[in-house]
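Start from the sequences and build out the full structure, keeping to the hints where you can.
Residue numbers (our numbering), protein chains in the order written: chain W, 182 to 349; chain B, 13 to 427.
Treat the hints with care, since some could be wrong.
Computed, partial: chain W to chain B, Cβ under 10 Å [said to hold, decoys possible]:
1) S197
2) L208
3) Q221
4) Q261
5) I262
6) T334
7) H335
8) L340
9) W341
Since the hints were derived computationally from the structure, they do not count as laboratory data. Even glycine gets a Cβ: it sits at the ideal position worked out from N, Cα and C.
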Amino acid sequence: MAIGVKVMKRPTSEVSYVRATLKGMALTFKHLFRAPVTMQYPEEKSTAEWSISPRWRGTHRMMTDEQGRSKCVACGLCPQICPANCIKLVPGEDEAGNRYPLIYEIDEFRCVFCGYCQEVCPEEAIHVGVHYENAEYSRDRFVYDLERLSAQTHPVSALWDPADPRGE
Amino acid sequence: MTPDLKGFILVSVIKILVIFVITLVGVAYMTLLERWVSAWMQDRFGPNRVGPKGLLQPIADGIKNIAKEETLPGGANKILFILAPALAFMPAMMMSGVIPWAAPVPVHFDFSLPWLGRFSHEGLMPIQVANLPIGFLWVLAIGSTGVYGIALAGWSSNNKYSLLGGIRASAQMVSYEVAMGMSLIPVLLLVGNVTFAAIVASQQQGLWFILPLFMSFFLFAVAGFAETNRAPFDLPEAESELVAGYHTEYSSFKFSMFFIAEYANLMTFCAMLTTLFFGGWDVPFTSWDQTPGLLQTIATGLAMFLKVTFGIFVVMWVRWTLPRFRYDQLMATGWKFMLPVALGYIVVMTLAIFAIDRLLPGLSGRIHQLLLFGVNLGLAYITFFLADRGFIISGSSRHTLPSTLEGASGARGQG
Numbered sequence: 182m183a184i185g186v187k188v189m190k191r192p193t194s195e196v197s198y199v200r201a202t203l204k205g206m207a208l209t210f211k212h213l214f215r216a217p218v219t220m221q222y223p224e225e226k227s228t229a230e231w232s233i234s235p236r237w238r239g240t241h242r243m244m245t246d247e248q249g250r251s252k253c254v255a256c257g258l259c260p261q262i263c264p265a266n267c268i269k270l271v272p273g274e275d276e277a278g279n280r281y282p283l284i285y286e287i288d289e290f291r292c293v294f295c296g297y298c299q300e301v302c303p304e305e306a307i308h309v310g311v312h313y314e315n316a317e318y319s320r321d322r323f324v325y326d327l328e329r330l331s332a333q334t335h336p337v338s339a340l341w342d343p344a345d346p347r348g349e
Numbered sequence: 013m014t015p016d017l018k019g020f021i022l023v024s025v026i027k028i029l030v031i032f033v034i035t036l037v038g039v040a041y042m043t044l045l046e047r048w049v050s051a052w053m054q055d056r057f058g059p060n061r062v063g064p065k066g067l068l069q070p071i072a073d074g075i076k077n078i079a080k081e082e083t084l085p086g087g088a089n090k091i092l093f094i095l096a097p098a099l100a101f102m103p104a105m106m107m108s109g110v111i112p113w114a115a116p117v118p119v120h121f122d123f124s125l126p127w128l129g130r131f132s133h134e135g136l137m138p139i140q141v142a143n144l145p146i147g148f149l150w151v152l153a154i155g156s157t158g159v160y161g162i163a164l165a166g167w168s169s170n171n172k173y174s175l176l177g178g179i180r181a182s183a184q185m186v187s188y189e190v191a192m193g194m195s196l197i198p199v200l201l202l203v204g205n206v207t208f209a210a211i212v213a214s215q216q217q218g219l220w221f222i223l224p225l226f227m228s229f230f231l232f233a234v235a236g237f238a239e240t241n242r243a244p245f246d247l248p249e250a251e252s253e254l255v256a257g258y259h260t261e262y263s264s265f266k267f268s269m270f271f272i273a274e275y276a277n278l279m280t281f282c283a284m285l286t287t288l289f290f291g292g293w294d295v296p297f298t299s300w301d302q303t304p305g306l307l308q309t310i311a312t313g314l315a316m317f318l319k320v321t322f323g324i325f326v327v328m329w330v331r332w333t334l335p336r337f338r339y340d341q342l343m344a345t346g347w348k349f350m351l352p353v354a355l356g357y358i359v360v361m362t363l364a365i366f367a368i369d370r371l372l373p374g375l376s377g378r379i380h381q382l383l384l385f386g387v388n389l390g391l392a393y394i395t396f397f398l399a400d401r402g403f404i405i406s407g408s409s410r411h412t413l414p415s416t417l418e419g420a421s422g423a424r425g426q427g
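Below is the structure:
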């Protein structure tokens with residue numbers, strides 16, 4: 182039993198338990214007929230109230246040119262800036278002197294989805310994507326290689342624009 | 013054995029099976045209804061995945077509960093641990109045996125079976141397993157034995173939280189049983205009989221007893237909430253303090269037994285509330301349902317079903333509205349509010365009935381009951397508007413000495 186609890190001098194209409202009960206029950210009864218705000222996720226992925234932000238940074242996507250080759254020129258900026266050190270890049274060079282990635286792998290488990298790789302890329306090749314359904318059956322499947330990164334089709338993330346900070 | 017006795021036994025066995033199955037199915041769908049009601053009140057969908065609109069959810073739940081692992085805590089008293097769910101389950105099932113679920117139906121048969129001989133049944137068959145002469149006293153008596161299962165479950169689990177839950181449950185049920193029994197005495201004053209059949213018949217002649225015995229209804233309903241361990245009286249399973257109370261250590265079907273028992277108790281409580289205060293299986297505003305017949309039985313059964321379902325809905329509605337009481341509030345409400353009010357109500361009703369009988373002899377039942385309804389309105393006003401100023405459910409500060417409180421004068425009744 183608490184000793185010396187301050188007694189509030191509330192009006193009697195507020196301390197009446199039965200009347201407070203009836204008030205509460207009227208409130209819950211009103212909620213009975215209110216439409217649920219739940220989104221039925223696997224069936225609906227966006228509703229009028231909520232849709233995924235265009236600035237969402239999800240799993241990566243490598244852009245390709247018209248010939249289906251990746252746009253990457255293996256400059257090495259993205260592994261350089263990556264704070265999580267999750268990009269593995271081995272550069273190669275063809276007969277014409279064009280650089281291209283021999284190996285380009287992103288460990289999506291290490292990635293912190295900061296989006297620096299997209300920001301730093303001079304060729305607009307690597308992007309973070311607007312995508313979030315990434316379940317796999319094993320951990321190795323989360324190391325995305327160049328082929329897999331190029332095969333992604335989901336939309337890419339819109340970068341934050343300092344001139345338009347609120348995305349309008 | 014005479015053919016009549018054999019016919020009676022046959023009919024009784026069939027009724028037991030039917031009511032048992034209906035109770036279990038009803039319990040299964042009450043769990044679904046509970047989840048739906050809770051979801052709707054919280055602006056959610058509730059179960060809607062298994063089957064059309066989620067209607068097969070109870071079956072999935074049942075299969076899950078049977079398939080789960082049975083655990084036995086180390087140090088548990090094995091015999092009592094296994095016995096306790098059965099002790100909670102059996103009274104719950106036994107109680108529903110005396111509820112009249114519909115109007116009596118005329119049943120006539122006379123046939124012979126090889127080996128067993130001749131079966132015959134003549135006349136009206138009440139739609140209740142046993143038309144006991146002790147009526148609702150049976151429900152009160154068997155209902156109070158249900159506490160054994162809960163107390164033993166709490167004790168035998170060898171778990172502090174379970175034990176506390178069991179102790180709370182037994183204290184709560186014993187406390188509120190007193191008020192519950194007292195709240196039904198005014199029904200006896202009006203009917204003069206404890207059997208459900210007489211109570212229903214009396215309400216068909218006059219008004220439903222919720223009007224002439226409103227305070228009785230209120231007290232019985234509150235005590236019933238406490239007896240069935242429903243919110244706001246669900247302290248025995250207060251999960252924030254006691255994990256899950258007495259059934260913390262139970263898993264698989266043993267847990268299901270407690271669950272079924274709780275919901276079967278709730279169903280019996282609602283059926284009893286219906287029978288005592290809402291005219292039982294009486295179809296309102298008509299009298300054609302009083303002549304026996306198959307159609308009348310079906311219609312009255314439907315009326316009973318709707319009334320009981322509405323009662324269950326109200327109980328769930330209350331559960332998802334009110335927060336749980338503190339333990340001292342629970343005890344104070346039981347002993348300091350419910351019991352004195354119930355006792356005082358008996359006195360007032362006795363005097364009122366006596367006065368009406370003396371001053372206005374020869375009144376018809378309906379007028380008589382309307383006069384009592386007026387008395388009840390006055391009593392309800394006194395209880396809910398004049399007395400209910402922080403007295404019924406009070407803050408703990410009301411228990412401290414006024415002298416220890418700063419500016420204590422005028423603090424009484426303001427908790």
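Status of each hint after checking the structure:
1. S197: Hint on S197(W): holds, closest Cβ of chain B at ~4 Å, below 10 Å.
2. L208: At about 8 Å, which falls below the 10 Å cut-off, the nearest Cβ of chain B leaves the hint on L208(W) intact, so it holds.
3. Q221: It holds, given that the least Cβ distance between Q221(W) and chain B is near 7 Å, below 10 Å.
4. Q261: Check failed: Cβ of Q261(W) comes no nearer than 48 Å to chain B, outside 10 Å.
5. I262: 44 Å, violated
6. T334: Hint violated; T334(W) Cβ to chain B Cβ min 29 Å, cut 10 Å.
7. H335: Violated, about 27 Å.
8. L340: 36 Å, violated
9. W341: 34 Å, violated
The structure fails hints 4, 5, 6, 7, 8, 9 (numbered hints given earlier, in ascending order).
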